[in-house]
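Colleague: Listed below, chain by chain, are the residues.
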Amino acid sequence: MSYFIDRRANARNKSAVNRQRFLRRYRSHIKRAVEESINRRSITDMERGEKVSIPARDISEPVFRHGQGGNRTIVSPGNKEFVTGDRLRRPSGGGGGNGSGDGRASNQGEGMDEFAFSLSREEFLDFVFDGLELPHLERKQLVDMREVRPVRAGVGRDGVPARMNVVRSMREAYARRIAMRAPIRRALREAQEALDEEERKDPVLRNPSRIRELKGEIEALEKRLEAVPFIDTYDLRYNQLADQPQPSNRAVMFCIMDVSGSMTQAHKDIAKRFFLLLYLFLERNYERVELVFIRHHTAAKEVDEEEFFYSRETGGTIVSSALGLLHEVIEERYPPGDWNLYVAQASDGDNWDDDSVSCRRLLDDKLMPLLRYFAYVEITPHAHQALWEEYTRVAERHGKRFAMQQIVEASDIYPVFRELFKRRQAA
Amino acid sequence: MAEVHVREGLDERQPSKGSDWSFSDLERFEREIARVAAQYRLDTYPNQIEVITSEQMMDAYASVGMPVGYHHWSFGKQFLSVEQAYRRGQMGLAYELVINSDPCIAYLMEENTLMMQILVIAHACYGHNSFFKGNYLFRTWTDASAIVDYLVFARRYIAECEERHGVDAVEQLLDACHALQNYGVDRYKRPSPISAAEEAKRQSEREAYLQSQVNMLWSTIPHPLQAGGEQEDDSNDPLRLHRRGRYPAEPQENLLYFLEKNAPLLAPWQREVVRIVRKMAQYFYPQRQTQVMNEGWATFWHYTIMHQLYDERLIDEGIMLEFLQSHTSVVAQPGFDSPYYNGINPYALGFAMFTDIKRICEAPTDEDRRWFPELAGSEWLPTLHFAMQNFKDESFIQQFLSPKVMRDLRLFALLDDDREETLEIGAIHDDDGYRQLREALSSQYALGHREPDIQVWEADVYGDRSLTLRHQRSDRRPMERSVHSVLRYLHQLWGFPVRLESREGDELVQRYQWPSSDTELH
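For the record, the sequence lines run as chains A and B.
Note that my numbering numbers the first sequence so that position 294 is 287, with each residue one more than the last.
Note that my numbering numbers the second sequence so that position 111 is 162, with each residue one more than the last.
Some hints could be false.
[Said to hold, decoys possible] The list that follows gives simulated cross-link-like pairs (lysine to any residue, SDA-like), each with its CA atoms no further than 20 Å apart: (1) A:K73 / B:D483; (2) B:K409 / B:D153; (3) A:K73 / B:R458.
Rather than coming from a laboratory, the hints here were simulated on the basis of the structure.
Quantities reported herein were computed from a predicted structural model and do not represent experimental measurements.
So here's chain A without its partners, still in its complex pose (with noise of 0.2 Å):
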């Protein structure tokens, strides 16, 4: 007796809870790995997983296992030249190769294998962002918001068809129903009875009229019982929504770069790797991501992606035009009760020395109370600049939503980063 069964359709990750014990129980050795993964690849590469490999001795599971030594005998198949008698060289490299005949205990004996597994895209962003946050997520008032959503309200009597709600609907006319019908019945009984008393009488001191009378009494209720309407209108139920004001989801990353003359393109990478992290973790945040990217030098410019990383520009440097223009976008497209506004700025720290103050002035007066989170990174090898002593005076005001951090070489992207989105500590 045998019989089929098409488990198909059925759940294929049986094994989730075991896969994610085990991600669980080597989370330190996979961050060991991810970190390394991040500073080897290139930022582009974010989007996909990982192959992460965890030295074998370190998963291993013991249990009592004769080691190498004593005195054994191998049954081999394959014997070729060997007769009996014959002496052999024992192997060189710990009993591992050919000769030994056990592969299997060769291979443990070594230690030095991996284990390597693949973590998923997800798996892998969540091991990059892992004890990060985004500052202030928390500080979005009601009182800003202008972002509604329709929620479920009820039932009620208004609304279109295609929002009738059939059961509650159905359950109104049946009680309706039973209450209109109800004094016809009893009439009904009434009339009936009568009538049964009326013709049990005898046939001589019947009422022939009375008989009549109530005959078309009942024919007159069966008629008003049936003209009871199976549905109404008066019946009919929607389901309501209502708008309900929400938290802002959607969030706008500026991106501003330096692109003067002492902006190599080594320094555009960096800068570049350090706003696609970013980006990348905005959009784990937010429903909806916009990018905005302004370049400067002496005037500022809002470009595409394209231009932003790639085209060439030399001159001198002017940092508040491109502060300027981002309060002007601001002001035209991104009205800070819709948007959550995160502005990234990498620079090489050079500008023209009385800018800079103007540049402070511009971020306290204008731009800080609008904005969620200003990063700055200087990716310069030499000493700091006017620039960066203003921006130290703007962070010593506006403490925790802006940050600054310097970065000398690539493999600073992800420490630096890490360092501005750490978890704080609930105050």
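We have chain A; now place chain B onto it with these hints.
Modeller: Frame of chain A; chain B shown alone:
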């Protein structure tokens, strides 16, 4: 006459649709295979054949084919390595995953061709299935009808423990039990069958009862003295306080059982978890001892059944060629010096042996008459069934490995003595070597030889509560370094110092200890 029928037969009976399959194809072939199997008197449990996807197959692999199982990271590790190997194309997921249950659950992967599905049905649903039902080890040691229910019970119980005591606590306990699970089996005493309903019912009673047992054992009130006169008088112990018998009186082979009943500090739920791991180990114990036989038997029957289907013109040449290609790679045995060599292939050895038993019965040579006088010329089918039913790998090889098979596989024995400079060829496939070769191969499959012989020797009930195990060494084969990690796990379960003494004969050759005495470890 057969030639005339070929074309006609094709029209109504043969699939000839190439490699696609449908459920009606499967059902039809399953019926035919069942009919052929019945001719050969293959007695099976009912089959529950599940069609699944490749991802589900990986899930099934990771849980050793079990339809349900408790959660543990080691299964996740298993899953990841299967997934990795499969993605790289290092491993097909095609063959036979079948578990010893009633009904017998087997899996067909949807990506497989029609030939593969037929092959798996023949191999798993009739080959392995009849082995599970017929072989004495499975009959004695496992209860096929209860296992799935027991798995459900185990999974639920362990999930409850995780809720009550935390995932980490349960995980650590399972780690420790898994390290000892090969020593969680009764080798000689037949276990009582497991029944999920009864387990669940008795489980709470058992908790209370077990705890009281343990409390008795560890109570500080001294037991009456044993009247053992073999110890000489000790002036330091005039009251003979230390003259009690050893506990346990006899060495115990089942470490997990001993811990479950006697570990002083385990909470009742922890004892139950130890018990679950022990029961699972017991369930898999016969499988570990019958690899060659089980695979050989199933392979022999898929080969025989496929040929019969072909002879009856139920499958065409295309399917047959595809089958032969697949079969050949399954029973391939690379030589020891091949880069593909990975030990002796149990499919190859088992298939060769069963095929050779049939040959010896049907067409014995003089050599066979000398070696197997009682087999030569007997009826092959009853002989084969007898061999399947009454042996395990160790004894099967000892009894039935014929000189011809040794010659065909070109077996040779290598003596590896670490006191010698060189390795020696002990025996090869010639008249002088056959017996020695067979002996050596047989012991290579004996669990008692493969795994270190370790038993509970003494629990110091009256003293420091330490636990001493004895390892009976043979041929000077030492323990692997992992012994330290295992002792650490043992210590977690026992709660007091644990020792392991390696003995060669009567001589103590090495002593392991945890926590180790030279370094203070906490």
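Colleague: For the pair supplied as a hint, K73 (chain A) and D483 (chain B), is the alpha-carbon distance within the 20 Å limit?
Modeller: holds (17 Å)
Colleague: Quickly compare the C-alpha distance for K73 (chain A) and R458 (chain B) to 20 Å and report which way the hint goes.
Modeller: Holds, because 11 Å separates the two Cα atoms, which is no more than 20 Å.
Colleague: Within 20 Å, alpha carbon to alpha carbon, are K409 (chain B) and D153 (chain B)?
Modeller: violated (29 Å)
Hint 2 alone, counting from the list given before, is not met by this structure.
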